[in-house]
Amino acid sequence: MIDQLLGAVFAVVFGVGICFFYFIGTHYLLEVVFADVRSLQGGVLSRENLRNRLRPWLFLLPALLMLFVYLVYPVYETLRLSFHDFTGERFVGLKNYSWAVQDPELLQAIGNNAMWLVVVPLLSVFFGLLVAVLADRVWWGGFAKSMIFMPMAISFVGASVIWKFVYDFRGPDSEQIGSLNALVMLFGLEPEAWITIPFWNNFFLMIILIWIQTGFAMVILSAALRGVPEETLEAARIDGANEVHVFLKIMVPQIMSTILVVWTTITIIVLKIFDIVLAMTNGQWGTEVLANLMFDWMFRGGGDSGRGSAITLFIMIAVVPVMIWNIRRFRSEEES
Amino acid sequence: MSFRIPFLNLTLGRLLVHFSLMCLVMAWILPTMGLLISSFRDKDQLALTGWWTAFTTSTQNAYGRTGVAGEEFERDERYVLSGNFFEAGSKTIESYNTNFHKLDAYRAGQPLTMKDGSLFTLFQDGSYEWIAEKPFRHKRGKRIFYVAKVPPTFTLDNYVEVLNTEGISQSFINTFVVTIPATVIPITIAAFAAYAFAWMRFPGRQFLFVIVVGLLVVPLQMSLIPLLRIYNDIGRIFDVSGKSYPGIWLAHTGFGLPLAIYLLRNYMGTLPREIIESARIDGANHFQIFTKLVVPLSVPALASFTILQFLWVWNDLLVALVFLGKSDEQIVLTSKIRELLGSRGDNWEILTSSAFISIIVPLIVFFALQRFFVRGLVAGSVKGG
Numbered sequence: 000m001i002d003q004l005l006g007a008v009f010a011v012v013f014g015v016g017i018c019f020f021y022f023i024g025t026h027y028l029l030e031v032v033f034a035d036v037r038s039l040q041g042g043v044l045s046r047e048n049l050r051n052r053l054r055p056w057l058f059l060l061p062a063l064l065m066l067f068v069y070l071v072y073p074v075y076e077t078l079r080l081s082f083h084d085f086t087g088e089r090f091v092g093l094k095n096y097s098w099a100v101q102d103p104e105l106l107q108a109i110g111n112n113a114m115w116l117v118v119v120p121l122l123s124v125f126f127g128l129l130v131a132v133l134a135d136r137v138w139w140g141g142f143a144k145s146m147i148f149m150p151m152a153i154s155f156v157g158a159s160v161i162w163k164f165v166y167d168f169r170g171p172d173s174e175q176i177g178s179l180n181a182l183v184m185l186f187g188l189e190p191e192a193w194i195t196i197p198f199w200n201n202f203f204l205m206i207i208l209i210w211i212q213t214g215f216a217m218v219i220l221s222a223a224l225r226g227v228p229e230e231t232l233e234a235a236r237i238d239g240a241n242e243v244h245v246f247l248k249i250m251v252p253q254i255m256s257t258i259l260v261v262w263t264t265i266t267i268i269v270l271k272i273f274d275i276v277l278a279m280t281n282g283q284w285g286t287e288v289l290a291n292l293m294f295d296w297m298f299r300g301g302g303d304s305g306r307g308s309a310i311t312l313f314i315m316i317a318v319v320p321v322m323i324w325n326i327r328r329f330r331s332e333e334e335s
Numbered sequence: 000m001s002f003r004i005p006f007l008n009l010t011l012g013r014l015l016v017h018f019s020l021m022c023l024v025m026a027w028i029l030p031t032m033g034l035l036i037s038s039f040r041d042k043d044q045l046a047l048t049g050w051w052t053a054f055t056t057s058t059q060n061a062y063g064r065t066g067v068a069g070e071e072f073e074r075d076e077r078y079v080l081s082g083n084f085f086e087a088g089s090k091t092i093e094s095y096n097t098n099f100h101k102l103d104a105y106r107a108g109q110p111l112t113m114k115d116g117s118l119f120t121l122f123q124d125g126s127y128e129w130i131a132e133k134p135f136r137h138k139r140g141k142r143i144f145y146v147a148k149v150p151p152t153f154t155l156d157n158y159v160e161v162l163n164t165e166g167i168s169q170s171f172i173n174t175f176v177v178t179i180p181a182t183v184i185p186i187t188i189a190a191f192a193a194y195a196f197a198w199m200r201f202p203g204r205q206f207l208f209v210i211v212v213g214l215l216v217v218p219l220q221m222s223l224i225p226l227l228r229i230y231n232d233i234g235r236i237f238d239v240s241g242k243s244y245p246g247i248w249l250a251h252t253g254f255g256l257p258l259a260i261y262l263l264r265n266y267m268g269t270l271p272r273e274i275i276e277s278a279r280i281d282g283a284n285h286f287q288i289f290t291k292l293v294v295p296l297s298v299p300a301l302a303s304f305t306i307l308q309f310l311w312v313w314n315d316l317l318v319a320l321v322f323l324g325k326s327d328e329q330i331v332l333t334s335k336i337r338e339l340l341g342s343r344g345d346n347w348e349i350l351t352s353s354a355f356i357s358i359i360v361p362l363i364v365f366f367a368l369q370r371f372f373v374r375g376l377v378a379g380s381v382k383g384g
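From first to last, the protein sequence lines stand for chains A and B.
So the first sequence is residues 0 to 335, counted in numbering that gives the first Met the number 0.
So the second sequence is residues 0 to 384, counted in numbering that gives the first Met the number 0.
Calculated from the structure, these hints are not laboratory results.
We put the CB at the ideal spot given by N, CA and C, even for glycine.
Among these hints, one or two may not hold up.
[What the hints assert, rightly or not] Calculated cross-link-like contacts (lysine to any residue; reagent style SDA-like; alpha-carbon spacing at most 20 Å):
| no. | chain 1 | residue 1 | chain 2 | residue 2 |
| --- | --- | --- | --- | --- |
| 1 | B | K42 | B | S342 |
| 2 | A | K271 | B | L215 |
| 3 | B | K291 | A | T25 |
| 4 | B | K42 | A | T25 |
| 5 | B | K133 | B | E76 |
[Stated by the list, open to error] Covered by chain B, per the in silico footprint, the following chain A stretches (three or more residues, Cβ under 8 Å):
| no. | segment |
| --- | --- |
| 6 | 58-72 |
| 7 | 290-298 |
I would like the entire structure built from these sequences, with the hints used as guidance.
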């Protein structure tokens with residue numbers, strides 16, 4: 000145990016140390032190599048300008064290098080691999096794509112991803128908004144928000160264990176220990192093995208992500224709601240609008256841009272959804288999704304980088320509109 | 000809406016608000032409560048009854064096996080076989096029978112006459128006495144079915160078991176070894192880059208930052224296959240495994256950098272220009288301004304990102320599955336629990352306690368630093384993707 004701990008501490012110090020060493024090291028190197036020099040006339044020639052021109056690149060170098068190796072180059076390489084066979088060596092043209100559009104598993108994954116894309120952002124935003132509005136009206140709202148927010152800290156795998164326990168199913172003769180089946184029996188219905196019911200099981204998996212993401216939506220929307228001027232709300236109330244009207248006609252339109260941001264953020268998370276499906280069903284019983292199928296092809300039959308890459312590009316294509324929208328929004332913000 | 004409950008300043012509408020919010024909160028915390036409570040329950044009880052019964056005395060149907068011929072002793076010229084079905088105090092016998100159809104036939108302490116005329120008695124504490132005129136001849140212990148009351152019991156046994164025999168303690172350390180550098184390295188690299196983007200002049204500044212904004216949403220799935228190939232190639236050249244801790248640190252660094260640079264640059268950009276300019280006039284160079292001035296002023300933003308990245312790395316499964324091995328020296332908690340879900344899927348005592356060990360650290364971080372966490376989320380989202 001002590002060995003493991005010492006090894007761990009050493010690894011941590013080593014990894015972090017190299018990083019600090021670079022920044023401090025290059026700083027002193029710059030000061031020494033391009034130090035001010037004595038000019039021929041005997042005065043001091045300042046090379047500060049030169050140092051100042053080089054310094055930004057020293058600051059940026061590790062970040063740019065990492066971004067290039069870990070994110071930019073892979074986009075190109077994935078594109079290239081998707082036109083090659085499973086070894087990544089032999090060019091096969093569009094074969095991986097023609098396989099993709101006929102593969103029943105992949106079509107199922109695309110269908111399921113589409114369902115996730117509609118249901119999860121919609122319900123997360125709905126519940127998030129509901130809690131944000133309700134919590135502002137009660138004295139224990141802070142506590143309520145904390146509790147709804149808590150699942151954000153829990154891993155998808157941890158959440159999967161939590162919910163697998165909720166959905167647990169024992170044979171019809173033994174006592175049910177899963178909360179959902181106990182609840183169902185309370186209403187006089189038959190217990191079910193929820194995660195194996197085709198089609199509907201997708202929704203039982205989606206509930207897990209909604210459970211996690213509602214807290215996120217709530218926090219962001221709650222901050223936005225606080226920005227809605229109180230006078231506007233008061234004016235509407237004086238004019239005789241009831242609370243529901245105030246909410247729908249004034250609050251929601253005012254925070255529409257924030258709702259859109261939350262929606263797209265959750266959309267990106269949904270597109271990449273992997274852990275929950277892997278841990279709950281591994282894509283069985285009709286629950287396959289793109290990211291899980293892609294992971295599967297990375298290793299299936301020794302790994303097929305061509306098909307895996309082709310599947311990844313379906314995810315990427317879905318992300319591109321959000322990316323363009325983000326860049327446009329950033330540009331317009333910078334200009335204003 | 001106008002109906003008022005006397006004394007309490009509550010209208011029906013407000014009551015409805017309290018009630019609906021309470022329902023939502025319950026729905027959100029009960030699943031986690033179920034896991035937490037179950038992890039402290041006795042593993043046999045956990046498998047038989049729902050976690051919501053954990054605080055009540057439960058009724059259990061079970062059976063015990065008597066001793067066999069040869070274990071009896073003589074008393075008053077009769078043969079007595081006695082023993083105990085369970086540890087005294089753990090349960091209380093209500094009733095019993097020799098078959099399981101009429102379990103309530105004999106009350107605890109009430110003697111039962113066997114077919115051969117011998118007398119069997121099961122007492123409340125689980126001890127039994129079987130008295131016969133002739134020596135016993137059965138070679139297999141006879142099954143006695145009983146109904147017992149089981150008091151609620153809570154135990155740390157499940158935790159002791161997973162920490163000692165399931166390798167969870169090693170995974171716990173491994174997770175820290177992955178998480179700490181994978182949090183510190185990106186934040187250091189990003190802080191320098193963010194400062195350059197916010198306060199230094201260089202050609203291509205705007206263009207490069209737009210690329211960072213674009214990279215914010217690139218799915219990390221894009222990177223997996225190409226990086227795995229690079230890692231394996233490097234591993235082959237140096238004749239080492241492609242799966243290593245430095246490998247995963249750098250991967251997490253790469254994936255975390257866009258958000259880190261974006262958040263920190265936005266925050267550093269809001270620092271007052273006069274402070275930085277007056278420091279420059281005083282002759283400080285950018286390295287000094289950065290370390291002595293900007294970093295201390297940016298602590299809130301640094302803290303926010305640190306928490307986001309810490310939680311993200313700690314909770315990650317995908318990157319760990321691809322870039323780390325499954326040996327005891329490398330497997331992290333999420334990966335371990337996913338294995339347990341496959342191999343020990345019905346052993347809820349193991350799953351619940353392992354899962355709780357894996358979520359306790361993020362929960363502590365979360366509740367202790369919720370303010371920074373929320374601020375980071377808001378900054379990362381209201382402005383960007």
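Next item on the list: Could you tell me which of the numbered hints above are not met by this structure, giving the numbers in increasing order?
Entry: 4
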